[in-house]
Structures are given as C-alpha cells and as structure tokens.
Amino acid sequence: MTERIIIAGSGGQGVMLLGKVLAESAMREARHVTWLPSYGAEVRGGTANCMVVISDEEIGSPFVQYADSMIVLNDESLRRFGGRLKSRGLLVLNSSLAQSAPPAKIKNLESRPFSAIALELGTVKVANIVALGCFVAAGGIVGKGSVEGVIKGKAGEVSTDIITLNLKALSKGFGLAGGSRAKGGR
Amino acid sequence: MSARGNGHAKILMTGNEAIAEGAIRAGCRFYAGYPITPQNELTAYMARHMPQEGRVFIQAESELAAVNMVFGASATGVRAMTSSSSPGISLKQEGISYLAGCRLPAVIVNIMRGGPGLGNIAPSQADYFQATKGGGHGDYHSIVLAPASVEEAYRTMFDAFDLADTYRTPVMVLGDGMLGQMMEPLILEKGPVRQHAKTWALTGCRGRKPNIVRSLFLKEGVLEALNLQLQKKYKAIQQKEQRWEELLVEDASVILVAYGGMARIVKEAVRGLRAGHKKIGFIRPISLWPFPVKAFRRPGKKSVKYLVVEMSYGQMVEDVRLAVECRAPVEFFGRSGGGIPTEEEILKKLHTMS
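Protein chains in written order, with numbering that gives the first Met the number 0: chain X, 0 to 185; chain B, 0 to 353.
Chain X with its partners taken away, still in its complex shape (with noise of 0.2 Å):
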C-alpha cells in the first residue's frame, strides 16, 4: 500500500512540522516514507506545502501529482490543491479558514474548525497538530500511538507544557473524526 499525501495551508501555520510529524511517525512503524517541501520564495506569506508518501514498498518520486489524501489548512490552499485529490480520496479541511466549497466529487471530507478548537486549546499555534490528530483517525494510515511517540520524542528540545499541550491538541482532532475510512487507525 501506498499513500500519496498534499499538506497545505499558510506560511506560518506549522505545515512542515505537521508533515514532519507524519512522516517520523511511519518511520517509527518502520514504514517507507518520505517528506518534500515546497520550497520556493512561495513559503513567505503565501501558501506553504509539502508532500509525504508512505508505503510498505520503496518509494519512487516523493512528488505527489494526485493526492489519496490532503490535510488543507485554509482556503487559498484549497483553491490551489482541491482539484488534485483523488475522487475517492480523503479530504481533511480547516473549516475556520476555508469557506469555499470543496470540489463537489469530493465524497471523504471530514472539514472541523481546527483553528477554532486550538484557540479553544489556548493557542490558534497548535491548529496543526489538531488537524493531525483527525487525520489520524480517518485516514488510519498511522497509528495514534506512533503520533503521541513523535511528540513525546520532543521532549529534550520543548518544554513539558508544550508536549502536553500538542498531545491534547492530537487527541481533540483524533476525537472530531467522523469514522471516515478506519477510525482508530493501525
């Protein structure tokens, strides 16, 4: 199996990390993957994006064309990425900042106010990790726990309060997943 994955939203919004964050997690199931960035002069204040692929096989291109699944954190990105999931693909949708209508072929939308709710956590900064966690749940391509391991894992480099504070985030977004594809995941 293999998962070709579009992250996008807003420079600022912890796109990468998020990415980053998906991608150790896999790794830690001893998976294929890779994490591409975009990296042009785009990242400051325009869209920021990156692209993962997980798979049990050897990856080839660690680009993604067409998407089996897409976290999109606002509505810029959405406009840019929309058109590239899958028809049976899996939109994950930051219903704060996107108001436009997703593609109507899109039939797996799971769109929740992942800023609202981290603004409700304590900081609209965490956002990300919120939209990880239901990803989590209704993509179920990476377990909760490997997530929860990643972020423990930053133990040496943040504080405790801010380990805390994104494994709360993690389990709030894991919460608002709809049962899309395989809640609970692996």
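Mixed in with the good hints, there may be bad ones.
[As the list claims (entries may be wrong)] Straight-line alpha carbon distances no greater than 30 Å define the calculated DSSO-like cross-link-like pairs of lysine-lysine that follow:
#, chain 1, residue 1, chain 2, residue 2
1, X, 153, B, 189
2, X, 124, B, 9
3, X, 143, B, 9
4, B, 189, B, 208
5, X, 151, B, 189
6, B, 277, X, 85
7, X, 167, B, 9
Treat the hints as calculated values from the structure; they're not laboratory data.
Remember, predicted model here, so these are calculated numbers, not experimental data.
Since the structure of chain X is provided, determine the placement of chain B on it from the hints.
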C-alpha cells in the same frame, strides 16, 4: 535537525543535511560555501556543526572565494569541501580546473537547479555535461557520483573523500533539488575512513625538501608530461571505479536508464511493468564519470533496446550511446526547466518503442 543520531536508530533528514553529516563523519576538516537554493540546508548544517567538532566553517564572500579557500585547505593536506547549486557551480569551475591541474583532492557538491542562466530553483539534471566532461578548461575530469536517496547521499560522502584522496583529484557529488530537499529515514552508520599519506602537502618544510603545489608549467615538454600522467590516472579510474545499480536486466527486452532522483521514478515504473510481466530492466549509473560502460557491454546479449530518462533534454544519453556502440537502439525522454518526467510519460514513451 538538532538530533544527529547515535549511529543505530533511524532518523529523518533531508538530503542536504545527510550530505553534510556524511562529510563531517568522513573527516571533512574544512568547508567553505556561499548560500544558494536548493542546497542552503547543507551550508546551514555545516555552519552549525563544523565549529562544534572543532573544524573550520567559512561563509565565503562568493563562490569563487569558497572554491579557492578549499584549494588552499586541500594543499595543506586536510579533507576540504564546498557545495553550491548550478549557477554557483559554474562560478567554481576555474577553481575546479586548478584543483585538477595541481592534483589536489577536494569534494564539490552540486545540488542542481533549473538553468541555463539563473534559471529557477526546481530540480534539474541539466549540469551533467558540465560535471562529467570537465567543466573548467583543460584536459581533466572530476570523478562524479550521483546518489538517488538520502541514505545513499550520506554514504556517498565517505566514498567521495576517499576517491579524492586516493587519486588526488576533485570529486563532484551530483544531486538535484528534489534529493537535497526531501527527507527520508536513514541510519547514520559510520562509513570507512582510510588515512592517506599526503607527502605532497604543504605542512612546513623543516627537515625536508619544500613541496610545491602549482599548475603553471612553461618549460617545454613539462606540461605535456604531467598531462600524460593525468591521463594515465584517468584510465586507471575508468578501469577501477565504475559504479552502477542494475535490476532485472538479464532477460529484459527494454532497459530503462536513469540516474539520481530521476532513477527513483524510473525504478518504480520498472517494478510496475515487471508486475505486469513486461520484460523491462533497469540500469542506474552511480558514477557518472567514470561512466559505467561495463553495465552496457554484455557478451551474448541480443535484441535489447534502451530508454534513457533524464531531467534534461538529453545529456547522459550521449554516454549511453557511446557505451552501447550502436549495437542497440537508444531512445530518450526528458524534461527540463522544472518539469520532472512522470511515470505516465515514461510508459507512454515506452509504448511507442514496442
């Protein structure tokens, strides 16, 4: 990434970071560079970690300055390296020619971007000619190595420094923006680091005859004699140092050929075709100079076709044609300037060949 791994656990790193870490572990004592996308993480990693290891990092005032600082460091016998991306590598060519002429070892990393000119920052393989055919002036070659994954990029650095010291020659590590920017898991295993006696180095001549490092030889016949020595060295490298990966070539009716980041996509296409029982093989040149001609010379092999795929409008394909010596048809598909050939495009081209 601050965590530099303990040599046992898998960690995630970009290709740029893995190259930098590989260089440090391979004993690189001196790095000078000047920023340019898409290789900036390499320079940044060196800026952070070389001083921690008690080694030298210099952000030079220009690419030209950086390569000449590497020249100076190498002349003293230490392992030295610079890195850049395409336009910056063009600026370094004078220095690389001088390194070759003075028989100095050095490692130069080129994380290629779109050209010609300032081009763009998208992945590209359009510097193949420049890397493998000399680049600067004079009759010389650099050894050119092209890794295809983050893990291989890390390992390649041990090989690159060893080849540079063994043959007293510049070695170029050629990657593309995709390889430099992408992250993959790897284990930072310590590679072999051989010590080379550098009796030619400028280390202070008390008690011995002074060593002289130069490439200017005006006296009649001297330069020609030295150039013949260089040619002898290049012949030895061509015989001993060809590196390539191959897959399912034995019974193949078509063999796809690609290197570096492009080879990942081609290999995936080959695996898919094999699953559909198509007799398709794969050759990935790892040393671009010396080009692995041995991979293309198989006695008794008949009726095979080659398809070369590059992120350029056809550069390595010329070396494949030279290696094949007209014994088999060689077709080409490529894109450049930001376009990356897709699996669908490769399959479509393949279809026109059958």
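Each hint tested on the structure:
1. For a cut-off of 30 Å, the pair hint linking residue 153 of chain X to residue 189 of chain B stands: about 25 Å separates their Cα positions.
2. A distance of roughly 28 Å separates the Cα atoms of residue 124 of chain X and residue 9 of chain B; the hinted pair therefore holds under the 30 Å criterion.
3. Under the criterion of a C-alpha separation no larger than 30 Å, the hint pairing residue 143 of chain X with residue 9 of chain B is consistent with the structure, at around 20 Å.
4. With a CA separation close to 37 Å, the supplied pair residue 189 of chain B and residue 208 of chain B exceeds the 30 Å bound.
5. Using a Cα cut-off of 30 Å, the hinted pair residue 151 of chain X and residue 189 of chain B holds, with the two alpha carbons roughly 28 Å apart.
6. This hinted pair checks out: residue 277 of chain B and residue 85 of chain X have alpha carbons roughly 27 Å apart, not beyond 30 Å.
7. Restraint check: the Cα-Cα separation between residue 167 of chain X and residue 9 of chain B comes to about 27 Å, which is no more than 30 Å; the hinted pair holds.
Checked against the numbered hints listed earlier, the structure breaks hint 4 alone; every other hint is satisfied.
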